[in-house]
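Enquirer: As a plain string of letters, each chain reads:
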Amino acid sequence: MKVQAYPFAVARNRTLDWRPLIAPAPLITAGQDFALVLETAGQHPLDLVQRTWTDSSSRPWLLAYHSVPATRALISADGTDQLTDRFGRPIFLVEGVACPQVRSLPAGGAKQLVDQVHTRAADKFREFWECEDEEAPAQATQALEAEIKDAEPALGPLWRSAASAAGIAASATLRSIVALVEARLYSSGTKVVEERTW
Amino acid sequence: METLDVHALGPSGSGKTVFMASLYSRLRIRRSDLAFYLKTDHDTSLDLNAVFNRIANPDESWPEASQDVQEWRFSVAVPSSGADFEPLRVSYLDYPGGVLTNPQAAADGRIRSLLDRLRSAHGLLVLLDGMAVNDLMAGRPTGQRYLDFDLTSSLEIAQQSRCPIHFLVTKWDLLEKAYSLGSIRDRLLDDENFNDLIAAKARDVGATIRLIPVSSVGSGFAELTPEGGMRKTGVRARPYNVEIPLVAVLPDFMQFAYQEVARREASLEDAPGGSSRIQALMSSPDASAKIGTYAAQILRRIAPTVGGRLLQHNPALAALIANDPETVAKALTGLADRLLKLRQEREGSGRAAFLDDLHRRRLAVHSEREAYEVLERQFTTILDEFELHHPDSVLSAGTRSFLQGAAG
Ligand SMILES: Nc1nc2c(ncn2[C@@H]2O[C@H](COP(=O)(O)OP(=O)(O)O)[C@@H](O)[C@H]2O)c(=O)[nH]1
Ligand SMILES: [Mg+2]
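Sequences listed follow chains A and B, in order.
For the first sequence, position 52 matches number 51 in numbering that gives the first Met the number 0, and the numbering has no gaps at all.
For the second sequence, position 182 matches number 181 in numbering that gives the first Met the number 0, and the numbering has no gaps at all.
Don't read these hints as lab results, they were simulated from the structure.
Be aware that a few hints might be false.
Here chain A is said to cover these stretches of chain B; the calculated rule only asks that three of the stretch's residues, wherever they fall, bring their Cβ under 8 Å from a Cβ of chain A [unchecked claim]: (1) 57-63; (2) 66-72; (3) 94-100; (4) 152-166; (5) 224-233.
FRET-style restraints, in silico, Cβ to Cβ [claimed, not checked]: (6) P136/A with S31/B: 52 to 60 Å; (7) P105/A with E85/B: 45 to 53 Å; (8) T79/A with S400/B: 57 to 65 Å; (9) E70/B with E126/A: 32 to 40 Å; (10) E126/A with E59/B: 48 to 56 Å; (11) D391/B with P136/A: 40 to 48 Å; (12) G41/A with S31/B: 50 to 58 Å; (13) T28/A with G227/B: 53 to 61 Å.
Note that the structure is a prediction, hence the values are computed from the model and not measured.
Think of the CB as a built atom: it goes at the ideal place given N, C-alpha and C, for glycine as much as any other residue.
Using the sequences and the hints given, assemble the complete structure.
Expert: And the structure:
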């Protein structure tokens, strides 16, 4: 299936607390990008995680991400020791993709997408390390469209109301038609362009 | 008894997570000198123990900064010779402190409901970062910046709430050698914003406000490095005063509720000068009994409708009353009398005999109600002694002034 993958990254620095550094443009527009912080909490460093999340307009998303220790190498050429905040707490960088209307990805496909985010996340982290501005917004990312075999679509509110109206467990064909319509509905309004830096 | 929501306010790094882990690790075990201990579910216990073990281990780094909202729920258990009774439950919200200052976070629905819950707490612990207080006392600009910027959103939430407030000076181990609580209190009250908040709260709400020095790790456990980090020295952790904020919440909230009810009654009767009427009520010879009866009446009257002005003003109290009016009425009835009597007993019999008696009472507990009374005795005793040793810790109201008001 054709998957839209928006890069995102969340981290902290010496003074600023957890926040998204880069985030899907539609989430920033809707004021929902902070959810990426709350959704990706865990025992860092995390191996590849896939988790589903529903935004406040009931749109389903798949978050595929991992986390890495933020090392000195990220901000300067030398040094591999982990950065800490001003209290001595270790710092991690969470990086991944947010895919609307997707329920799951095959592990290989997810890893490939997540790995592609690193350069961009690291660049942004380097800039963020010096930032002390509490109000600095996340940078918006646009979706990359990738053809991923065996990706499973997630069905949103349109599907649920259609299914309950029909009172049926509908056929696979009906599911995929509704998924298509839903994807179109949500993407109208935000222009989906291919990410050029990728 | 319903759950008391006791939540922490403070920017990232002020010590919210370390404090909770330390409090739990100290009170989870039955100790001979305390009539209660903290109980929680298995998962919470594992989580908090893991956090505290990491804190206490000199070879491990400090726990990571919190990334999501977490609710820790405890019950306060009173073990008797027959069974354990749990007359009180406490809930504590932990969260990334940055959400208080980051406008993007405030746009998130979950963060908005977190802020609502913080505002309607039964008791708020405002954590004043000991490192920042250290800077403030040394006259470094970072200290003033902390008051002017980092702390403002916490103070704003405290301002909007209607409950007792405890300011915790965290990381007391870094301050204890250089500064007294009194000098820190003076410096804080010198600050216009801080002073305004205390004055406004004292005037409008009347609930107790305290300043409590706490160290979640104790003297010598850690030291500041020249680069500004916090190095563990290898000295064993010996938490200091961590139980005081928990112990203070119940008596402070009940005294506050008692006064709220008295105020409500005063305004119902439309007497001129509401506050002088409260004074009159409080200082009349049979004040406590009278207010206790009033409390019971009022609670009975307003509980079913959940509509009165008191309830609108104070959602936390409203929730307690709506859920369990009888228990609240019982807890309030004769509160001042009971507290006065306790103090007299303690002073009359001496500390050791009083504690022996408390021990015997605990073993003989047969009901949740009796367990609640034992807790009340234990908490007020600890708090009374704390107030006596730290007179500078009361910023407004306090147990002593409550009792003086009641004794006339
Ligand atoms: N010296 C000392 N340092 C502390 C104490 N409590 C916390 N800290 C330091 O403050 C940091 C932040 O604490 P934490 O509880 O994670 O802050 P939170 O962001 O408010 O949850 C810790 O990593 C320690 O470096 C204490 O009692 N004494
Ligand atoms: Mg924390």
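Enquirer: Are the hints correct? Go through all of them and say.
Expert: Here is what the structure says about each hint:
1. 57-63: holds (count 4)
2. 66-72: With 3 residues close enough to chain A, the hint holds.
3. 94-100: Result for this restraint: holds, n = 5.
4. 152-166: As far as the segment 152-166 of chain B goes, the hint is violated, because 0 residues have Cβ atoms under 8 Å from chain A.
5. 224-233: Holds, because 4 residues of the segment 224-233 of chain B bring their Cβ atoms closer than 8 Å to Cβ atoms of chain A.
6. P136/A with S31/B: 52 to 60 Å: 55 Å, holds
7. P105/A with E85/B: 45 to 53 Å: Holds, since P105/A and E85/B (Cβ atoms, about 49 Å apart) stay within the stated range.
8. T79/A with S400/B: 57 to 65 Å: 58 Å, holds
9. E70/B with E126/A: 32 to 40 Å: 35 Å, holds
10. E126/A with E59/B: 48 to 56 Å: 31 Å, violated
11. D391/B with P136/A: 40 to 48 Å: 43 Å, holds
12. G41/A with S31/B: 50 to 58 Å: 40 Å, violated
13. T28/A with G227/B: 53 to 61 Å: This hint is violated: roughly 38 Å between Cβ atoms.
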